[in-house]
Every structure is written in structure tokens, then in C-alpha cells.
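The opening residue of the sequence shown carries number 1 in the working numbering; numbering runs sequentially from there.
Worth double-checking, as some hints may not be accurate.
[Claimed, not checked] Derived DEER-like restraints, expressed as beta-carbon distance ranges:
id: 1; residue 1: 127; residue 2: 182; range: 20 to 30 Å
id: 2; residue 1: 26; residue 2: 85; range: 31 to 41 Å
id: 3; residue 1: 187; residue 2: 92; range: 32 to 42 Å
id: 4; residue 1: 161; residue 2: 127; range: 17 to 27 Å
id: 5; residue 1: 110; residue 2: 90; range: 11 to 21 Å
id: 6; residue 1: 131; residue 2: 187; range: 18 to 28 Å
id: 7; residue 1: 191; residue 2: 89; range: 38 to 48 Å
id: 8; residue 1: 88; residue 2: 148; range: 20 to 30 Å
id: 9; residue 1: 141; residue 2: 168; range: 12 to 22 Å
id: 10; residue 1: 66; residue 2: 172; range: 26 to 36 Å
No lab work stands behind these hints, which were simulated from the structure alone. Here a beta-carbon is modelled for each residue, glycine too, at the ideal position from N, C-alpha and C.
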Amino acid sequence: MIAGIVLAGGRSQRMGRPKGTLKVGEETFLERAVRVLREGGCGDIVVVLGVDAPQLPGLTMGSGVRATKGGEGPEQIDSLRAGLRALPATAEAAVVIPVDHPLIEPNTVTTIIETFEACRAPVVRVFHGGRGGHPVLFAANVFDELLSSELPEGARTVIRAHDGDLVEVDVDDPGVLIDINTPADYEEHLGELD
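With the hints as extra help, turn the sequences into a complete structure.
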């Protein structure tokens with residue numbers, strides 16, 4: 001089973017409100033991330049919320065989706081570690097989506113999963129127009145590396161360690177590069193912020 005992890009534990013200081021509650025169409029960023037993972041082929045999905053965050057309003061958890069609190073520190077790797085610890089032991093891999101990448105398409109997740117199933121690479125990264133983006137798939141055999149305390153560059157440390165055996169997949173999805181961190185980012189890509 002390929003699991004999904006949504007990283008929604010950031011402080012959203014530049015945005016001024018939790019990014020997971022922002023809207024893309026009729027969905028919140030968080031609802032969309034969960035739907036994209038589900039439609040893309042992920043089984044169990046873990047949503048990692050901030051340590052101090054209440055349950056985000058409007059999140060419909062549904063079957064196979066659960067929330068967990070973020071890790072001990074403020075970095076994205078801390079949230080990733082919390083998500084990995086919450087996965088079922090049957091997870092062969094995890095597709096990781098930051099909540100602030102709301103324009104990723106489900107077929108991109110499907111492509112990542114199909115690529116992993118064909119080659120069993122430790123890491124599968126997406127590219128668009130020659131640039132790396134999100135989501136990233138990590139195979140279960142690198143989970144222990146991600147849980148290690150010695151990651152000076154977070155998950156990038158593990159990605160670089162597997163540079164010779166990771167797989168890069170070019171996708172026709174500009175959403176893999178779009179990161180919404182500020183009100184200006186939101187307005188540029190999605191229109192006026194409510």
C-alpha cells in the first residue's frame with residue numbers, strides 16, 4: 001500500500017493564517033491535498049497539523065484519513081517525521097505533499113506511484129520544465145534515514161544521499177512548482193484572497 005502524507009504543520013507567518021484553510025475553488029488547500037492523494041492512488045493518508053494547532057475547520061477526514069500533531073521542532077522535517085511515525089506498518093512508500101502546493105493534479109500522484117511500482121526506487125521526484133517540485137515519494141526502506149536526527153538539510157539530505165538511485169519523473173503539471181507562501185503568491189496564482 002502506498003500512503004500519503006500532507007504536511008500542514010507550518011506556522012503560516014507570511015500568510016497570516018493557516019494555509020490549510022485557504023480556498024482553491026470550493027475546497028480548502030487541505031481538502032484538495034487529501035483528495036489529490038486519494039484520487040492519485042494513495043491508501044491511508046496522514047495529515048500532519050501543527051503542534052499547537054486545533055483541528056482545522058472544514059476538514060472532512062473520511063475513511064483512511066487521519067490527523068496527527070506535528071513533530072517536536074518547527075522545521076518541515078519534524079512534520080514529515082510525525083507523518084512517517086503515524087503511517088501503518090504496511091506502507092511500502094509515502095507520497096508527501098506540502099499543503100501550500102494546492103495546484104498539484106491527481107494524475108501526477110498516479111504517475112509517481114506507477115513509477116515507484118515499476119522500479120522500486122528509494123526516492124521518486126517530480127520535475128516540470130527542468131525544475132524539481134512536489135510531491136516526492138519516499139520508499140519505506142528510507143523511512144529510518146528520514147527519522148534520523150542527523151539531517152542538516154532535512155529531507156534533502158536523504159534525497160542527495162540517494163542521488164545515484166533516485167528516479168526523476170517529468171510531469172506535465174506546472175502545479176508541482178507552485179508554492180503559496182504569501183498573500184501575493186495566492187493572488188498571483190489563484191486570484192483575490194478572501
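Hints and how they fare:
no., hint, in the structure
1, 127 with 182: 20 to 30 Å, "holds, 24 Å"
2, 26 with 85: 31 to 41 Å, "holds, 32 Å"
3, 187 with 92: 32 to 42 Å, "holds, 39 Å"
4, 161 with 127: 17 to 27 Å, "holds, 19 Å"
5, 110 with 90: 11 to 21 Å, "holds, 20 Å"
6, 131 with 187: 18 to 28 Å, "holds, 22 Å"
7, 191 with 89: 38 to 48 Å, "holds, 43 Å"
8, 88 with 148: 20 to 30 Å, "holds, 21 Å"
9, 141 with 168: 12 to 22 Å, "holds, 18 Å"
10, 66 with 172: 26 to 36 Å, "holds, 32 Å"
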